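K.L.:
Sequence:
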Amino acid sequence: MTVDPEWTKKFFNQEDYRGAYHLVDTDMIGIYTPADQQHPAYSAPPPDYSYTFTKFLTSADLEFYNIYYYQCQNYMLLASDSRRLEYAMTAEELFFPAIQDIFDDGKGWVITPNQQILTMHILEAQPRIHNEEQKIFDWNVKFDILPEAKVFRKDAGQLQPIAEFDTRGLLRDGAIYGTLRSRFLDPGWDIHFIPEKEA
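Residue numbering for the sequence shown is 33 to 231, as defined by the working numbering.
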């Protein structure tokens, strides 16, 4: 396969994408009802699929897909309902699969004061080329966890910190560090999280 040197020039731009990315509270599929000790969240807003409509090989388009990935991870904590993400994210990608297991067993869910449980930080101005021929890119990121968000264990009647469910060993100093590795599919992107300890 011959690599076109021109695509790398078109891919990068002058933007500095470093910084914190925030979600806004929405009622996309009905009136959002926060979880409490009686029930899980109702009508939790799903990830905004419009972020996946971009299909070009540019760092700007990749940023949109990274935001979508972030929204998926946040949604899984907010709603604990993987059915909406069946085609967007595999179970292996979940930051906290133990929380999903508790929800699936009807034994608990996340209670949070607002819809944003995670805050994503992009740590590099532009992504890095991991494999030029296959159009694979790496972008270092960090995910902060809202300390006030807790897992309610219905079976035990207890609130526990999300950190206690870190069965993948992703947390360092209260945050998740790693790399979003993305492959251009033409159109679209395939994105996977590489934990810091595996990079």
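In short, the hints are calculated from the structure, not lab data.
Because the structure is a prediction, the values reported are computed rather than measured.
The C-beta atom is built at its ideal place from N, Cα and C for all residues, glycine as well.
Wrong hints could be hidden among the right ones.
Here are the computed lysine to aspartate or glutamate pairs in the EDC-like style, where the Cα-Cα straight-line distance is at most 20 Å [to be verified]: (1) Lys41 to Glu156; (2) Lys229 to Glu165; (3) Lys174 to Glu124; (4) Lys41 to Glu165; (5) Lys182 to Glu230.
Estimated spans, in silico, between C-beta atoms of each pair [to be verified]: (6) Glu38 to Gly62: 16 to 26 Å; (7) Asp218 to Pro66: 38 to 48 Å; (8) Gly201 to Thr65: 11 to 21 Å.
K.L.:
Does each hint fit the structure? Answer for all of them.
P.N.:
Do the hints match the structure? See the list:
Among the hinted pairs, Lys41 with Glu156 is consistent with the structure: their alpha-carbon atoms are about 18 Å apart, no more than 20 Å. Among the hinted pairs, Lys229 with Glu165 is inconsistent with the structure: their alpha-carbon atoms are about 26 Å apart, more than 20 Å. For a cut-off of 20 Å, the pair hint linking Lys174 to Glu124 stands: about 18 Å separates their Cα positions. Taking the CA atoms of Lys41 and Glu165, the gap is about 14 Å. The hint holds against a cut of 20 Å.
Restraint check for Lys182 and Glu230: not satisfied, since their Cα atoms lie roughly 27 Å apart, outside the 20 Å limit. Separated by about 47 Å at the C-beta atoms, Glu38 and Gly62 break the suggested range of 16 to 26 Å. A hinted range of 38 to 48 Å holds for the C-beta pair Asp218 and Pro66, which are about 40 Å apart. In this structure, Gly201 and Thr65 break the distance hint of 11 to 21 Å, their C-beta atoms being roughly 33 Å apart.
Checked against the numbered hints given earlier, the structure breaks hints 2, 5, 6 and 8 and satisfies all the rest.
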